[in-house]
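Asker: Please put together the full structure from these sequences, using the hints given.
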Amino acid sequence: MKNLLLFLAVIPFFLTAQEKYTINGYVKDASNGEALIGATVLIEELGTGNITNVYGFYSITLPPGEYSVVYRYIGFVSQKNQISLEENSRIDVELVEEQTQLEEVVVTAKPEDENVTSTEMSVAELDIKTISKIPAFLGEVDVIKSVQLLPGVSTVGEGSSGFNVRGGSVGQNLVLLDEAPIYNSSHMLGFFSVFNPDAVKDVKLYKGGIPARFGGRLSSVLDIRMKEGNIKEYEVNGGIGTIFSRLAVEGPIKKEKASFIVAGRRSYIDILAKPFTDVFDNGAGLYFYDLTAKANWNISDKDRVYVSGYWGRDVFNFDERQGINWGSKTGTFRWNHLYNERLFSNLTFYVSDYDYELKFGEDELDKFEWMSNITTYDLKPEFTYFLNTNNELTFGAEAIFYRFSPAEANFSSNGVNREFSLPKKRAFEYGLYVGNKQTVNEKIDVEYGLRFSGFNYIGPGEYYTFNDTIPGERRSPTAVFEADDWESIKGYNNLEPRVSVKYQLNRTSSIKASYNRMAQYIHLISNTTASNPLDIWTPSTNNIQPQTGQQWAAGYFRNFKNNMYEFSFEAYYRKTENQIDYIDGAELFINDLLEGDVISGQGRAYGAEFYLKKNEGRLTGWLSYTLGRTELKIDGINYLDDLENRTGKWYPARYDQTHNLKIAGFYELNKRWSVSANFTYLSGTPTTFPTHRYQIEYLTIPENANNSRNNLRIPDYHRLDVSFTLLGREVRKNGKPRKNRDSLVITFYNIYNRKNPFSIYFWQGEDRVEMGEPAPTRATQVSILGSIVPSVTYNFKF
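Here the sequence shown is numbered in our numbering, starting from 1 and rising by one per residue.
Treat the hints as calculated values from the structure; they're not laboratory data.
Everything numeric in this text was worked out from a predicted model, so none of it was measured.
Misleading hints may appear alongside valid ones.
Claimed, not checked - The following label-pair restraints were derived from C-beta to C-beta distances: (1) GLY415 to ILE253: 52 to 58 Å; (2) ASP485 to GLY361: 32 to 38 Å; (3) ARG474 to ILE253: 36 to 42 Å; (4) ASP642 to GLU369: 41 to 47 Å.
Backbone N, C-alpha and C fix where the C-beta goes; we use that ideal spot for every residue, glycine too.
Answerer: Here you go:
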C-alpha cells in the first residue's frame with residue numbers, strides 16, 4: 001500500500017528536468033474582491049495554462065522567456081499581461097465585470113469550452129446568477145431545486161427532502177457547505193433548501209469521476225461554497241417574499257485585508273395569520289429560520305484564514321406540548337497557506353450537528369418526548385503542488401469523529417415517568433489520498449488518484465451479536481458485550497481508486513471516460529417512501545457492514561457555433577454492495593436491537609444522459625433527458641416463489657425513474673423584462689400494492705401473495721413553472737445613475753394545475769357490508785400540491 005501511494009506521488013517528478021520559473025497568484029472580482037473559482041489563466045504562446053482553484057489561486061511553471069498571459073472568466077472582461085519570466089513572480093489579478101448587453105446574456109460562469117477540454121465528466125456547475133433565474137416554488141431562489149433540473153438528478157416528489165443522483169438514495173449524497181456536511185438540506189419538508197442564495201457563490205455537483213479528496217458517500221458530492229464578503233465596500237442584499245424574507249449584509253472589516261457576510265431568513269406564515277385565526281394560540285408554530293455567516297482575513301501575502309457557520313431550524317408545533325422541530329448547526333475554520341510558488345495548502349476543521357425533537361401529549365402527566373442527533377468533527381489538511389503546466393498534484397489526509405444519539409426519550413402516563421433512551425454510539429473515520437491532473441499530450445488529459453479509507457466502531461457501550469436465520473426474518477441477539485472507552489469494536493478499510501480520461505478529438509469535441517470506487521461507513525435509516533427529518537443516521541457496526549460502490553461512465557462532448565451551444569451524452573453503470581434495506585415489519589425507531597431488522601444486498605443502476613445547452617443570446621437555457629434504471633437484490637425481499645431459500649430477485653428501488661426530462665429556458669424581452677420557464681416530466685416511481693385480498697365478514701384484508709416489493713408504479717409526474725422578472729430602473733428621472741438595484745419577480749408554480757401523485761393508498765369504506773355482498777375498496781391518490789401557486793418577491797441591493 002505505501003509503495004503504491006509513493007509511486008503515484010512521484011510519477012510527475014520524473015517529467016521535469018530543466019530550470020523553470022513559476023508565476024502564481026489570485027484571480028478576483030474587481031468590484032468586491034471575491035475569488036473567481038475556475039477562472040482560466042492561459043499562456044498564449046504555448047496554448048496551455050491552468051484554472052484557479054476554489055480559493056481563486058493559480059500556479060504555472062514555465063521555462064524562462066517572454067509570455068502573454070490571458071486571464072478569462074465568463075461575464076468578465078478578459079485581461080492580458082505581458083511578462084518577462086526571469087524569476088518566480090506573484091501576479092494577482094482583478095477582473096472587471098462586463099456591462100452585459102441584451103444579446104450577450106450567458107447562463108454559465110465556466111470557461112467557454114471547459115465542458116470539452118476539461119477531464120471532468122459527470123460534473124455540473126451552476127453559478128448563483130443562473131440559479132436566480134430559475135422559476136421556483138413561491139418565487140424563492142433555491143439551490144436544491146435548481147440542481148434537480150440537471151441530468152441524472154431526481155426526487156421522489158414534492159414534499160420530500162433531498163435528491164437522488166444516478167440511482168443513489170438520499171443518504172448516499174455528500175452535501176457540503178464550506179466543506180462541512182449538511183445532513184438534512186431541506187426546510188419545510190423539502191419545499192425549500194437550507195442554503196440562502198444571498199450567501200452562496202458557487203455550486204458544483206459531482207455525479208461521477210469523483211476526485212480522491214472526497215470520500216464517505218457512494219452516489220454524489222454537492223460542493224457549495226459561500227461568498228467571502230465584499231472586501232471593498234459595504235453592501236446590503238435582501239428580498240421580501242410570499243412565505244419568507246431575507247437580508248444579507250457584507251463588507252470590509254478592514255479594506256483589502258478582511259471582510260464578512262451575514263445572511264438571515266425567516267418565514268412568517270404564523271405571524272401573518274395570527275390576527276385572523278386562533279390556530280397559533282397556545283404555543284403553536286409553523287416557521288423556519290436560518291443564519292449564515294462568514295469572515296476572512298488576509299494575514300499576509302501567504303496566509304489567509306476563514307471562519308464560517310450555519311444555524312437553521314424548522315418548527316412545526318401544534319401547541320406548546322405537541323409537534324416536531326429539527327435543525328442543523330455547522331462551524332468551519334480554514335487556513336490557506338502558500339509555502340512557496342508551487343505548494344498551496346488548506347487546513348480545514350469543522351463541526352457539524354443535526355438534531356430533531358418529537359413531542360406529543362395532553363399535559364405534563366401524559367406526554368411523550370423524543371430527541372435524536374448526530375455530531376461530526378473533522379480535521380483535514382490538504383496540499384496542492386503545481387509541478388508544471390502538465391501536472392497538478394493533490395494530496396492530504398482526513399480524520400472524522402462521529403457521535404450518534406439515536407434516541408433520548410421519556411414517556412409519562414398518569415404522572416409516572418419512564419425513560420427508555422438508546423445508548424449513544426461513537427465512530428472514527430480516516431482517509432489518506434493522493435491525486436494528479438496530468439496533460440499527457442495535446443489530445444490526452446488524465447486525472448487519477450487513490451484514497452485509502454478506514455473506519456472504527458468504538459466504545460464505550462454495549463454491542464450485540466445476532467444469530468443467523470431465514471433471510472428476511474428478524475434476527476435475535478445471541479450475546480451482549482461491553483466495550484471500554486475508545487475500544488475498537490469493529491474496523492473496516494477500503495482502497496478507493498479514481499480515474500478520468502479525456503481524449504480531444506478536435507477543437508470542439510472530445511470523448512471521456514471515468515471510474516471511481518467509493519465507500520460509505522454511515523447509513524441513513526428510514527421507514528418512509530421519501531426521506532424526512534425524523535430519519536436516523538447510524539454507523540457501520542459489527543453487524544452492519546459499510547456500503548461500497550463502483551461507477552463506470554463514458555461520454556461524448558461537443559460544442560457548436562463558437563461555444564454558443566454545448567451537447568453531451570453520457571452512459572453510466574453503478575454497482576453497490578451491502579446496500580441497506582429492512583425486513584417486513586421492521587422497527588426502526590427507539591429499537592436497541594435495530595441491527596437485527598436490517599438486511600443488506602446488492603444494488604445496480606444504469607442509464608444514459610443527454611444534455612443540450614444554449615449559452616448565449618436573448619434565449620438561453622438547457623434540455624436534459626435521462627433514461628435509467630435502479631434496482632436492488634436482497635435475499636429475504638422479493639423472493640417470489642422461492643419460499644425455501646428466499647433468494648431475492650431484482651426489484652426497482654423506490655426512487656427508480658425510467659424517464660427524466662427537464663427543460664429550462666430564459667428569454668430577455670428587453671433591458672428590464674425577462675421571462676423564465678421550466679418543465680419537468682418524470683416517470684412514476686415504484687410502490688408496493690397488494691396482489692390479492694381476503695374478505696372475512698365485512699372486513700377486507702389485503703395480501704401481497706407473491707412477496708413482491710415495489711411491484712407497480714404511481715402515475716407519471718409533470719409540471720410547468722413560469723416566472724417574470726422586472727428589473728428596477730438603472731437611471732433616475734434626472735438622468736443620474738441609481739446606486740441601488742432592485743427587481744420584482746412574479747412566479748406561477750404548477751401553472752396548469754396538475755395534481756401530481758405523491759403516493760396511493762387503499763382503504764375500505766366505513767359502511768357495514770351486507771352478508772354475501774363484496775366489500776367495496778377504494779384507491780386514493782395523495783397530492784402534496786394540486787393547484788397553481790402564484791407568488792410575488794421583491795429583491796433589493798444597495
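Asker: Evaluate each hint against the coordinates.
Answerer: Going down the list of hints, with the structure as the test:
1. GLY415 to ILE253: 52 to 58 Å: Given about 55 Å between the Cβ atoms, the range holds.
2. ASP485 to GLY361: 32 to 38 Å: For ASP485 and GLY361 the Cβ distance comes to about 36 Å; the hint holds.
3. ARG474 to ILE253: 36 to 42 Å: violated, 59 Å
4. ASP642 to GLU369: 41 to 47 Å: Holds, at about 44 Å.
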